[in-house]
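Fit chains X and V to the supplied structure of chain Z, relying on the hints for placement.
Each chain is listed here by its residues.
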Amino acid sequence: MSAAAAPDVPVRPPRRRSPRRLRLWLATVLLLAVAAVWVYPFAWVVSASLKDQLEVFTAGLDLVPESPQWGNYARAWVDADFAGYMLNTVLVTVGTVAVVVIRCAMAGYVLARYDFLGRKAVLLVLVVTLFVPAGYTIIPVVELTQQLGLLNSLTGMVVALSGGGHVAAVLLYMGYFRGIPRELEEAAVIDRAGFFTIFTRVMLPLAGPVTATVVVLTFLATWNAFFLPLVFTFSRPELRTLSVGMQAFVGQNSVDWPGMAAAGTISLLPIVALFLVLQRYFFDGIAGAVKS
Amino acid sequence: MTDNRFPARAAAVLPTRRQLLAGAGGVAAGAVLAACSTAPSGGGGGPSGGQPGTGATGGGTTGGTGPLTWWDQFAPLQDLQKATFQRFAGQGGPQVEYTVYNPNEQGQALQLAFSSQQLPDVFSLAGVGVPPSVLMNQGWFSPLANGEELRSAVPEGTLIEGLHSFDDQLYSFPIFSTRQYDGLLWYSRSAVEAAGLDPDTPPASWDDLRAAARAVQDSGTSGLLLPLQFGERMATFVLELAQAAGFPGATQGGSNGVDLSTGEYAYHHDSVVSAIEFLLSFQTDGLLFPASSSLDARAGRARWAAGGAAFFLDGPYCPGVVVRDFAAFADQLAVGALPTPDGSAPVLNRTPVGGTFWVSGQSDQVDQAAELLALLVGEEYQAGLAEAMDQPPFDLAAVAGSGAHPTYKRAVEMFGEQVFVAPAPQARPGVTDVEAAMGTVEPGLGAIVQGAFSGQVSDVRGALRELSDKLTAAREKAVAEVGGDVSVESWAFPEWQPGTDFDVSGYAR
Amino acid sequence: MSTTTAPLPTAAAGPTPGADPASRHRARQHAARWWIYLFLLPTAVLYGAYTLWPVLASWWYSLLSWSGFESEKTFVGLQNYADVLADPLFLNSFKLTLLFMVVTVPLRVFAALALAVLLNHPRLPLQRLFRTAFFLPVVTTTAIVGVVMQFIFDPASGPVNLALGGLGIPPVDWLGSPETALWTVMVVHTWKWLGVTMIYWLAALQTIPRELVEAAQVDGADARRTFTSITLPLMVPFLVIITLLTVEQNLQVFDLMLTMTGGGPFFATEVIELYIYRWAFASSVPQLGFASAAAVVLGLVLLVIGVGQLLGIRAARRLAGGGR
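Protein chains in written order, with the numbering used here: chain Z, 1 to 292; chain X, 1 to 509; chain V, 1 to 324.
Worth flagging that the hints you see were computed from the coordinates, not collected in a lab.
Mixed in with the good hints there might be a few duds.
Derived DSSO-like pairs (lysine-lysine); straight-line CA-CA distance at most 30 Å [said to hold, decoys possible]:
(1) X:K82 to V:K95
(2) V:K73 to X:K470
(3) X:K82 to X:K470
(4) X:K470 to V:K95
Coverage of chain Z stretches by chain V, computed from C-beta distances (three or more under 8 Å per stretch; other residues unrestricted) [as the list claims (entries may be wrong)]:
(5) 21-30
(6) 41-54
(7) 101-109
(8) 218-225
(9) 232-246
Just so it is clear, CB atoms sit at the ideal spot from N, CA and C, and this is done for glycine as well.
Bound conformation, chain Z alone (with noise of 0.2 Å):
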């Protein structure tokens, strides 16, 4: 939608002061105008989940529901257990970021510096399995983590989430940890620091901005993780995260469209919520994928 229209308005620096300005207001308010298409679906979910069965589908474009039913949130944070999903995405998210970080982070820094055998041998792996997207797989990955005897639970999805690809992660650690001058280094090895002493120390800290990228990425894609928890939560609905827990609301005979929306509200708010504070990280760290 915007596509079409935005690139008839360029941000032009202009000659003269008056049409800077219109130009400068047609383009706020066309934004205003996409924005709003924009976060309407958002309007409508909100308004959903205050409606009652019946009323979702008969109001039409009304997004103000006749008597609002907070019931609905009450059905989908208890009886439908979003609390309890809400808990799950948040473990398994803060723990697979945390094992890609470190072990990304290590992997990058070794083949970013250190020249030993196999090393060609790994960085070809990667790049030519860069492109396997997870789901193909999942069979062998179920027969794996069954094996282990992790099926069904949290750890095997958090394992199996930041074991599955984040080839992009290693090669960005590698790309940063190449860049930092050789005579840092040197100076911590005079120091008589360690190898190990002079990553945590020395290395790491000096890619903040690396592992605010990875952290941003690995999260928005945990975060929405559905294939592999979907399957990995089958004989234990408890465990589901709220991607997956959407489908508790789809019965044999009926769906329960408000709980549902209900419970997508639930589990925007927290993201938004930490999207709003942590904007500035957010941004950054994406940008961080493209500038490095």
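What follows is chains X and V alone, placed relative to chain Z:
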């Protein structure tokens, strides 16, 4: 990460994470995560549970302790199940851990649970397309020790060797009646009245329904709503309508699309084509609810109940959903029989309904599970089924005296008059093995119906003929693979007259 | 953050960087050798177990006839591959995936660029609000998006059709008709992920030196000329990277497609991921061997794309090098 002792931990980064999570879980998550740490012992992880693939059909073991696990997809029966489980515990049985699934998910859950030795003690086979006899050979089930008690409790002729019992051992039984169908004509009294029609005489013929839908459409509401996105349900409607138009076969249980007089696939039969054309005519005439193409049965039912359309084809479970979810609509609800080409009462044939619940071959408490299942054939449970208004109980008489919605009672009454028990080819040796070996043929009837509505299938008869041909070829190939007694004749019951109940003794050839 | 010395992701496959020939350094490297492998261990174990092994295993599965419900597996050689390649629905899903990529990748990349250029205006009011609004869908769970969008695009009472009806346009069955379903999902997918690409572009635009733009203005260049002669050329290397990132993300449409259309109507939106899923799980009699064969074929194609990307990155680096 600035911890100096990190090297020691780095070497064991996995256990560290694991402990960290387990620790966090114990502190923060309480019950939720506590459950996860006991994961493997809960369900069917019984130590000596039947190893799959060993060919052992003996199934699970006894002597296990702890709660029984139970999975099914019958959301409308939730309260009844919970009450029954409580009753069971009250009689000294173990507690039951009960999970209601979305039917699609359950098949996938079972698939994974079986291979990871975590089958629940008791489960239904929702979403599983592989015939029970094949699963049984893989070690999925345990026989029911109280088979004799159960046999005497269900109506005569319900249990069939090859469907419910194998080698004379009972493995499962239906809790629902064979006498039911999915294509009842439900409608909204107010919408019909507003169109100037009599809400007490539902349209009986195909032309009546078209005319009624036209009248409703002219009064400003859509005529008919079809859950087109639900291909399987659409296929069922078509097969039932086709039977009403003279298709010489039955629905359900591997007999779909088979001409039971010859055993041949006959999807291209005139009656199937005219059934599809009948449904299509609502679209061509502009009498179809516009969103039909993107609605499944659940969403369709909701849209219909919200006043989207006057008529809706649906099974007997419709009033249950309306009463629970759309109470405001309940007194508008009315029902008629499946419409037939000439308006006479439909005559429908259904193969015997399969077993509802099965005890896992990986269970370590097969005896307790069997005792629990015995409660389901009792009067109390059957009456509960009637009240729950899902599929009708095998004890159809339990419905009349229940507190069920009048339309539910009417539907069951019609089932008693209009539905007959057809022979099940699956009861004959080798048939299920052939079915399992045939795999899936796409596009199936459901997809063809969808394609006809979306315009992607212009030659319906040709597509149906292709389906019959592909199935015939697949069956021939599978018959050759399986070998033994089985042949196309196994699907043929020339002596059976549609519109009569098939006698169990006729399975022997 | 350095943009000149820091290498681009996959370039590392090239010659060894930073291998300092100083002998002292070498000695230290020798001492650190076991540390190196220790550092690689977590990745080797996790990645090996959860990425490499599954890939290898699915190659093996692709040679079997196996339903997943049965424990019986029969070796059938390349039969599954023959079946997959002979299945018109497989080719159909392949085409749909390609079409999806060919449309959504440029759409997303250029729409985001346009948006970013607008948002990059230093005097634009409500900057934060706009960024937040455009980023919101990114952090929204796809499952919710799928459900909401079914309502938004409902042919009878959805807001889109009600709005069009206000303009006198007859209702369109967005998700139910084979002509529009895939395109509708494309729009929604772009809606959901545009925010990320927008941030990429904003970051890229920040790298343009202000003096350059000001100098051009002093020289009398108007906005269009400034854009075409300064902004665009500087954006070209970024264009390659951002396109690559977008390609990778747009290959993964499984959950959105599943919740919005389920592959229908009549396979009109059955992208390859859904095809594999249908055979592996959703089919009444699953055929894991067949599904694995389809997955392997897809994997090979992705590998080709991956190699193409590598070459693309190389080209981008040359361009970037030349620009400076």
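Outcome of the hint check:
The suggested pairing of K82 of chain X with K95 of chain V is violated, with an alpha-carbon distance near 49 Å, which exceeds 30 Å. The hinted pair formed by K73 of chain V and K470 of chain X meets the criterion: a straight-line CA distance of about 24 Å does not exceed 30 Å. Only pairs whose Cα atoms come within 30 Å are accepted, and K82 of chain X paired with K470 of chain X is rejected, the gap being roughly 45 Å. Distance hint between K470 of chain X and K95 of chain V is fulfilled; the C-alpha atoms sit about 24 Å from each other, no more than 30 Å.
Evaluation of the coverage hint for the region 21-30 of chain Z: fulfilled, as 4 residues show C-beta separations to chain V shorter than 8 Å, against a requirement of three. Restraint check on the region 41-54 of chain Z versus chain V: 5 residues with Cβ-Cβ distances below 8 Å, three needed, restraint holds. Judged by the Cβ-Cβ criterion of 8 Å, the region 101-109 of chain Z is covered by chain V as claimed, because 6 of its residues qualify and three suffice. Against chain V, the region 218-225 of chain Z contributes 3 residues with a C-beta closer than 8 Å to a partner C-beta. That satisfies the three-residue criterion, and the hint holds.
Under a criterion of three residues with beta carbons nearer than 8 Å to beta carbons of chain V, the stated coverage of the region 232-246 of chain Z is upheld, 4 such residues being counted.
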